[in-house]
Amino acid sequence: MIRTFQLNRQTIQEVTKDSLPLSERLAKATWIDAHEPDDDERERLNAFLADELPATDDVEEIESSARYFVDADGIHVHSLFLSQSEGRHGNTTVAFILQPERLITFRDTEIADFRLLRLRARSGQVETDSAQSLMLTIFEQKVENLADTLEDIHRKLEDVSHLVLEEEDSDLEDAIDQLAKLEDSNGKIRLCLMDTQRSMSFLIRHLRGEPELQETAREVMRDVDTLMTHTTFLFDKINFLMDSTQGFINIQQNQIIKTFSIAAVVFLPPTMIASIYGMNFDIMPELSWPFGYPFALGLMAIAGISPYLYFKHKNWL
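For what it's worth, full-length UniProt numbering labels the leading residue of the sequence shown as 1, then goes sequentially.
Possibly wrong hints are sitting among the right ones.
PhoX-like cross-link-like pairs, simulated, lysine-lysine; straight-line CA separation at most 20 Å [stated by the list, open to error]: (1) K188 with K156; (2) K28 with K17; (3) K181 with K237; (4) K188 with K237.
The following label-pair restraints were derived from C-beta to C-beta distances [unchecked claim]: (5) E168 with Y308: 22 to 28 Å; (6) D73 with L116: 26 to 32 Å; (7) E167 with E140: 38 to 44 Å.
Think of the hints as simulated: they come from the structure by calculation, not from any bench.
What you are looking at is a predicted structure, and each value in this text was computed from that prediction instead of being measured.
Note that beta-carbon positions come from the ideal geometry of N, C-alpha and C, so glycine has one too.
Working from the sequences, and respecting the hints, build out all of it.
The following block contains the structure:
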């Protein structure tokens, strides 16, 4: 799908596909957003650009020379954005092509940042005066959403902390599962933030004639630096809770092993006595003694109770 947006009184407004043909919409657009374009849309967009849209494999390249470069089509930036699928976060790359009069974005995944930006555009809340300013607005929106997601992760960590450290008989295996998911999400967010730093640094170098836009990019970088520190704090908290959870699981397992060990020690003396009187020797005086059977039972009871009382006295139970 290809969506087009135009500048109208310093705000971005979406041009619906029913109002104009695609070729006219592309020619007048300030922002062209290509989301999973089909073969026909890709061909028409290639003809409009007089060049090929980047392939998915090219977009996913991690080398700086492949993600940030300038050619005849404009300034190219391939930046990671946070996506969500089946309750788990992931990273997806968006290809930006910044030209003097328009911005072109290409992506294969629906992203919350772009969905929210479209909703804001329909309400006339996206103020911008150029394609360059719009691109920085998208990155500002990205950083704001990453900050909101980090706050959500922190709230979930507080719940897990209460589960692990305060609740009795809590499901510690479930806590480990939650911590693993939160650690993965925090790592994906940190990767997006690191990539945003590189993107802003590249844009600052290529927007030298736009001091206001450079300052906006620097503000985004300062926000990113703050969020990077917060991700480090979250990693430390996750590691602490993970270590605590594993420690409590070890304590529970040790308690079980301790119970079995004490049971074995308690029943060992009675078992020994029973084994002695289970021997098939001809000469065993207690066999002909009328009180031999109750004597053996009493001796086994004393042999079992004595270690238990001793452990209790030592506070081992």
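Structure-based check of each hint:
Note on K188 and K156: the hinted pairing holds, with a Cα-Cα distance of about 16 Å set against a maximum of 20 Å. Between K28 and K17 the alpha-carbon distance is near 13 Å, which keeps this suggested pair within the 20 Å criterion. About 14 Å separates the Cα atoms of K181 and K237, which keeps this hinted pair within 20 Å; it holds. At roughly 17 Å between alpha-carbon atoms, K188 and K237 fall within 20 Å of each other, so this suggested pair holds.
Between E168 and Y308 the beta carbons are some 26 Å apart, a value that agrees with the proposed interval 22 to 28 Å. Remark: the range hint 26 to 32 Å for D73 to L116 is upheld by a beta-carbon distance near 27 Å. For E167 and E140, the hinted distance range of 38 to 44 Å is satisfied, since their beta carbons lie about 40 Å from each other.
In terms of the numbered hints stated before, the structure departs from none.
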